[in-house]
Every structure is written in structure tokens, then in C-alpha cells.
Amino acid sequence: MSRFPKLVFLLGLSVAAGAGSAGAVDLAAGKKVFGKCASCHAVGEDAKNKVGPELNDLIGRTAGTVEGYKYSKAMIDAGAGGLVWDEANLRAYLTKPRDLVKGTKMAFAGLKKEDELSNIIGYLASFSKKAAAVEKEEPDTKAAAAEPAPAAADKASSQAASPPGAGDGLHLKLGRLATEEEVAAWDIDIRPDGLGLPKGKGTVSHGMEIYDQNCASCHGDFGEGVGRWPVLAGGQGTLRADRPEKTIGSYWPYLSTVYDYVRRAMPFGNARSLSDDDVYALTAYLLYLNDVVTDEEFELSDRNFTDIRLPNEANFIEDDRTDEPFYAGKSEPCMTNCIPGKATIKMHAAILDVTPENADEDDQPAGGID
Amino acid sequence: MNDRTTTASRRAFLRNGLMGGAAFAAAATTGSARAAGDPAITEVQDWNRYPGDGVDARPYGSPSSFEAHVVRKNVPWLTSDAVSSVNFTPLHELDGIITPSGLCFERHHGGIAEIDPAMHRLMINGMVDKPLVFSMADLKRFPRENRVYFLECAANSGMEWRGAQLNGCQYTHGMIHCVMYTGVPLKTILAEAGVKPEGKWLLAEGADASAMTRSIPMDKALDDCLVAFAMNGEALRPEQGYPLRLVVPGWEGNMWVKWLRRLEVGDQPWQQREETSKYTDLLASGKARRFTFLMDVKSVITNPSPQAPISHGKGPLVVSGLAWSGNGRIKRVDVTTDGGRNWHAARIDGPSLPKALHRFYYEFDWDGSELFLQSRAIDEQGFVQPTKDELRSARGSNSIYHNNGIQTWFVNKDGGIENVEIS
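Heads up: the protein sequence lines correspond to chains L and Y, in order.
Quick note: the first sequence uses numbering that gives the first Met the number 0, first residue 0, plus one each step.
Quick note: the second sequence uses numbering that gives the first Met the number 0, first residue 0, plus one each step.
Treat the hints with care, as some may be off.
[To be verified] Taking lysine to any residue pairs in the SDA-like style, the calculated list, with each CA pair at most 20 Å apart, reads:
1) L:Lys200 - L:Arg308
2) Y:Lys286 - L:Pro310
3) L:Lys341 - Y:Phe371
[To be verified] Now the in silico label distances, taken between C-beta atoms and shown as ranges:
4) Y:Tyr49 - L:Arg175: 56 to 64 Å
5) L:His170 - Y:Ser392: 50 to 58 Å
6) Y:Arg140 - L:Lys345: 55 to 63 Å
7) L:His170 - Y:Val82: 36 to 44 Å
8) Y:His68 - L:Ala184: 43 to 51 Å
9) Y:Pro237 - L:Glu113: 42 to 50 Å
Just so you know, the hints here were simulated from the structure itself, not pulled from any lab data.
What you are looking at is a predicted structure, and each value in this text was computed from that prediction instead of being measured.
In this text, a Cβ means the ideal position worked out from N, Cα and C, and glycines have one as well.
Excised from the complex, chain L in its bound form:
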């Protein structure tokens, strides 16, 4: 560590945390945890007393001694009794404030997670000169963890000559605050739990009118698709067939995806041209085409949207590729006499020749990727 100035030491800490070393401090995570404190406490350049005292140089500070801050009697007494903040007593205090200083006016329940405690103490220590001096002198376990082992660096997949990445732990105060109007203009995404749904409503029958004008030329009158444009309806029961037809009704897990995608990207060539009500109506009509609703007067709105579930929702599973037999063993592959007999061809690409420049226009091979 002695080769590096303080900044590099701090960078090393966060890299080690990224590689999952137990007990290492992650300053970025510590800063996040500090978000729970920031409404009452300030730390860093120009930090002032707020509801609570400012926290620069906290490590090594005698409790209850920041000038200009009105402490509880309990905290002043604790300092007078010899309480000087270090990482151990700070950990105890932040775990259960009233257990360490009975009568403190800090109305904070405490942190339960060990990593949160470690990270916020590390974060606060990074603003304390005394703590930094201690760290630099003592090659304790934390410092050892901060020295990134080559393997850890590889795991972090860095191509850098030195493991700490550019900009770790920096705050340059670049950019500006986004206004509410700006966020509203771009943040139009919808989640399955309904987060992001705009107020509005639309009926199946109104959706049919919009669909016929804007969508049917590509997706077909009944969502059957024209040419190679996406099929939107039908296909139920085909997911195990040779030629599965993946539609909203047969495959898509969530209705929110329909609303979100139509609103952000459809109609193709004129995105963002439909009103929120129109998108509700279209979404209702797509439910109707897929037999999820059957009443032509059905009205979809932000109020009943999350009541609707698509039939295939339960059939999505998480990535379990590493359990597949050819990966699970990670065995050394065979090098000699691996397969008996000579190789024989069982399929030629030339039989179904769909390679561009050779293929006929009519060829419609399997396995399109659209």
C-alpha cells in the first residue's frame, strides 16, 4: 500500500468490495447507506450542522464536541466520560444508538446489516483525517483485502494495467438536475406491477378502429401478420410444436409489455403518435384478438390494468444453462479416438439452400430471428 497515495488506497477498497471480499469496505455502497442519514447529517466539503452535527473528522472526535451544535445532555456526558469515536464504538452506536448513548436525541433505529455498517463506517472514515492516517500505517486485514489479488482483478474482468477503474470514488459534480418535466417526457416505461401507467382508458371497439387504420397493414386484420411482420394473436398451444407461434396470447408473459411497446415504438414509422387513451384501446383490442377478453365493450384503464394476466406468464424460468450436462461437469474434452468410425454427413446446407445470392425468393426457411 505504501507505494500509493491515499486516493489509490481508497480505490483499492472499492475494487476489493466489488470482487466480494468479506469484510472489505465499499465506499460507493457506504455513500448509498449514508442516504439514510443525509436528511439530518452532512459530510464532506462545506458540511454544516443540520438536524444532526456535521460528520467530518468524526473518527477521533470526542463525542458531543462539534461547535455550534446543540447536543443532548446524554451525548455531552458521554464525551465528558471519555467516549471518543472510533470504528468499533461507531459500529455499536449505529447498530442501536440508544444502547450506547441512552438519551441521545438521534431518532434513528439503527442498521442491521453488517455490510451496511462496514460500508458506512468506511465511508465516514474516508472524511476523517485520523482514520486515513491509521489505515495507511497499519497493514491490517482491511488493507490486505484492499490489495487486489491478480485473480480478483481477473474476476472483475478488467483489462486495465492496474485494477482500480477510472473514476472510482470520484464525484465531479458534472451534469445538472433533470427537471420533472424532462423526466416525464422520457420516462414512459411501464412495469408489470403497473408502475408508470398513465391515467386513461379505452374500449375494445375503439381499439379495433385504431388498429384497422394504423396496424392492420402489417399485422393483418386479425393479428395474423402480413408477410414476415409479427403475428400478434393466435398460436395458443403451439409452444411445444415444430413451428411455435409466439404471440401476445400464446407467449408474452405480461400485458404491461404490450402497452409499453406500443406507446414507445408503434405504429412502426410513426412512433409516439398515439394518445395514452388510444394505447389503452389498442391494448384492449389485442386482448380481444387473443381471447383474453371476449366482450367488445370491455374497457381497459389504469384502474383494472393489473387485474389482467396473460396465459403464459408462469412458463418463464430463470437462466439455468450452467446446469446443462455439457456445462455442469466442466470436464476436460476428449482429444483422440473420440468417436468410432468415419464421419458421415447427415445434413447439407445446400439441400435447403437459403444462402443469399443462391436462394429463390420463395424460400421461407425456418428460424427467422425477427
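Put chain Y on the given structure of chain L with help from the hints.
Positioned in the frame of chain L, the structure of chain Y alone reads:
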């Protein structure tokens, strides 16, 4: 005579200027053509006589006109419309590990957005301490990194799930490229806004006509992702997301959102179109895997291959190819000439960087007999590239995505090559 001609020619050039000298030299050509031997040597060639273009003729250089066939190609039947489609990198014409920017395959869902960088903004919103907006100029004030990474479409080789279909590695494997990116670590930019502790997912959104969106786990975002503005040392190409794209090393190309304009922090994924109806892997059981982000260990022989047959007859033959893995570096590549009966360790040449293409070679003396060429990659985590049959037995044939099976090229006695499947 040659000495005299040259001297005279130079004098003529100096005296009369370019045209006079050229006319004189042309008159002398007939004399030299009499010599026996290779006319490429014995005849004075035009380029050896006449000066070429000056430095003002090609302010941005392009390849030789003799390389005009080295281009990206579309497969029209794959998609509904060229505006929402894909083309393919001509892997059989390339060497080394870096893909020239103009040959990197394109995949976009609403055409190429042409964005004035002065009008481009990157917004961070959602579960952050403060929602922020950055201009391109702001982003270029953060510390940067340079990293070489492959980008592979999850659907690369997707047309081969049901069997051999396309004759050429450009089509079977060309949805991949590998360039050096310059950009700002995503974690640096996120730290500027302050991700709240409950922020576990990130939504990346593009500014194009599809407003492309993908959900990315926060762990990955804080690990090695970049917000990149340059590739191969110059600004991103428009078709690769100019002026700003996300780099998600080792993970499927669709997540590398181009024309990146917004990052939203949330506590769960958004289940967008491209992570539900697309880029999910339908299994034989009717279940479908989702969030299959990582690109598995894979390789392909790029030369010889159907678009690049053996034209030199028997004798010394260079077999060359590419290997890569989303898990990190490639540890070894094996090559077989007999359809997997016997394997030989190939030679990896050039840089071996994590999550980047690796170039391998296997040189041998071809006796002119039929060959079944295959390559098999093993990555640094010990994952071995599976056969296509192994993949099908585990997943069926309807997955579309994540086909990293071993490719077979059949070489006939004339050196012609075909995409086949063998037993």
C-alpha cells in the same frame, strides 16, 4: 535501357510536367513487354509509372477498390423489413481480433438514428439521490477507459438450430464484432447521481425510433459496463449508436443499447419487449428461459469456409478462426479435420483479453482428401463449447438464441466447402 528510360522519363517529367512524362513512359512499355516471365514483374505496371492520388483525394480513407466485395450482407428472409433488421460481418475476409468499424454487423429495430451530438442528452432517473442530465461534453470530462470487447447478438447462429442452413460463416456466425471502446465506467456516472440502496436494476433506453430498452442487473452495471463514445479510436459509427452506446461486456448484444439517452434505476426488471417476447429461449418443454444474458463459450473456423474455399490445392494449409466467451479469456482452442475423431490444440495468436475475440491458427499439410473441419473452444472458467446435438438434446430446436454449438465445414477434394451436420 531501363536506366536510360527512367532517367529520361524523370527529365521529361521535370521538364514537361506530369502529362509529358507520362506520354514518354507509355511509349517505352512495348519494349519491356518482350521479356520472358511473369508479366506482373516483367511489364512495368501503371501504378509503377503514374503517380497516384494526392493527399487531398481521400481525406477519409476507404479500402482498396479490389476489396469492394468485403461488405456486410443482409439475409432478407430473416426479418420483416430492412429498417428493423440485421446484417452480417464478413468474418471470412478478416484476420486478427479487431473488426474494422465499417464492417461491424448492424442490428437495429427502427433504422439508424442520425443524432446531432449537440442535441444528445443522457438522463439518469428513478431510484437515485438526484436525477441528472448530461451533455456529451459533460460525459467527456469524466475519466475514461479503453477496453477491447466482443459484441455478439444472442441470435448469432440462430438460423442453424434446426440444422445446416446457410453456406458461409458470415451468415452462420457474422453477428459478432470486436473493437476497442473508449468510454466512462457506468458506475462512475451512476455514482454521480447516487443509486439508492434498493436500486437493483437499471433500464437502459435508446433515442432511436424503437426507443430500445433493456433491464440490466445493477451488479453488472457496477462491474464492467461502459458508456462509450468511441470505437477503434474514433467516434462511434452512426449504425453503432453515435454518439453514445452502452457496453455490456460478455453479455448479449441487444443489451448494448445504442444511441443511449436514459438510465433508470429501479428495484425490479421492467419486462420490456426485448426481454420477454424476444431474447427469451423457448425450450422443448414449452418453458422459456429469460434473462439469459451471458454469451457462452464459442468458436468458428473462418478460413477456409464456404465463402472462402481452398484454391491452392494440396500442401501447406492455414486454418484460421475466432473464439470467444462471455466468461472471460479463451484458454484453448482445438481443431479437428476428421469430424471430431481426433483433435489438435490450435495456436492462439495476438492479445488474449477477457471477453474479447481470440484469433487461432492451425497449420497442416493438406493431402487433398475430404475434411470435416471443426473448432472447439474452452474458456478460462473451464466451460467447453458443446456440440449442436448436445444443445438440441438439452433445449430442443426452438430456442433461436444462444446457439454456441460446434460448426462443421465439409471440404471436398477440390477445396470446395459446405456447411454440414455429421454423425
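Q. Range hint 36 to 44 Å: satisfied by the CB atoms of His170 of chain L and Val82 of chain Y?
A. 42 Å, holds
(Q) Against the 20 Å threshold, does the CA-CA distance of Lys341 of chain L and Phe371 of chain Y hold or violate the hint? (A) Measuring from Cα to Cα gives roughly 10 Å; hence the hint holds.
Q: Could you tell me whether the CB distance from Pro237 of chain Y to Glu113 of chain L stays inside 42 to 50 Å?
A: 49 Å, holds
Q: Sort out whether Arg308 of chain L lies within 20 Å of Lys200 of chain L, counting only the CA atoms.
A: Distance ~18 Å between Lys200 of chain L and Arg308 of chain L Cα, so the pair holds.
Q: Would you check the hint for Lys286 of chain Y and Pro310 of chain L, treating anything up to 20 Å between C-alpha atoms as holding?
A: 13 Å, holds
**Q.** Status of the given 43 to 51 Å range, CB of Ala184 of chain L versus CB of His68 of chain Y
**A.** 46 Å, holds
Q: Return holds or violated for the Cβ distance of Tyr49 of chain Y and Arg175 of chain L against the range 56 to 64 Å.
A: 58 Å, holds
Q | Outcome of range test on Cβ distance (Arg140 of chain Y, Lys345 of chain L; 55 to 63 Å) | A | 59 Å, holds
Q.
Quick check: does the Cβ-Cβ distance between His170 of chain L and Ser392 of chain Y fall within 50 to 58 Å?
A. Holds: the Cβ-Cβ distance is about 52 Å, inside 50 to 58 Å.
Violation of the numbered hints given earlier is absent; every hint is satisfied by the structure.
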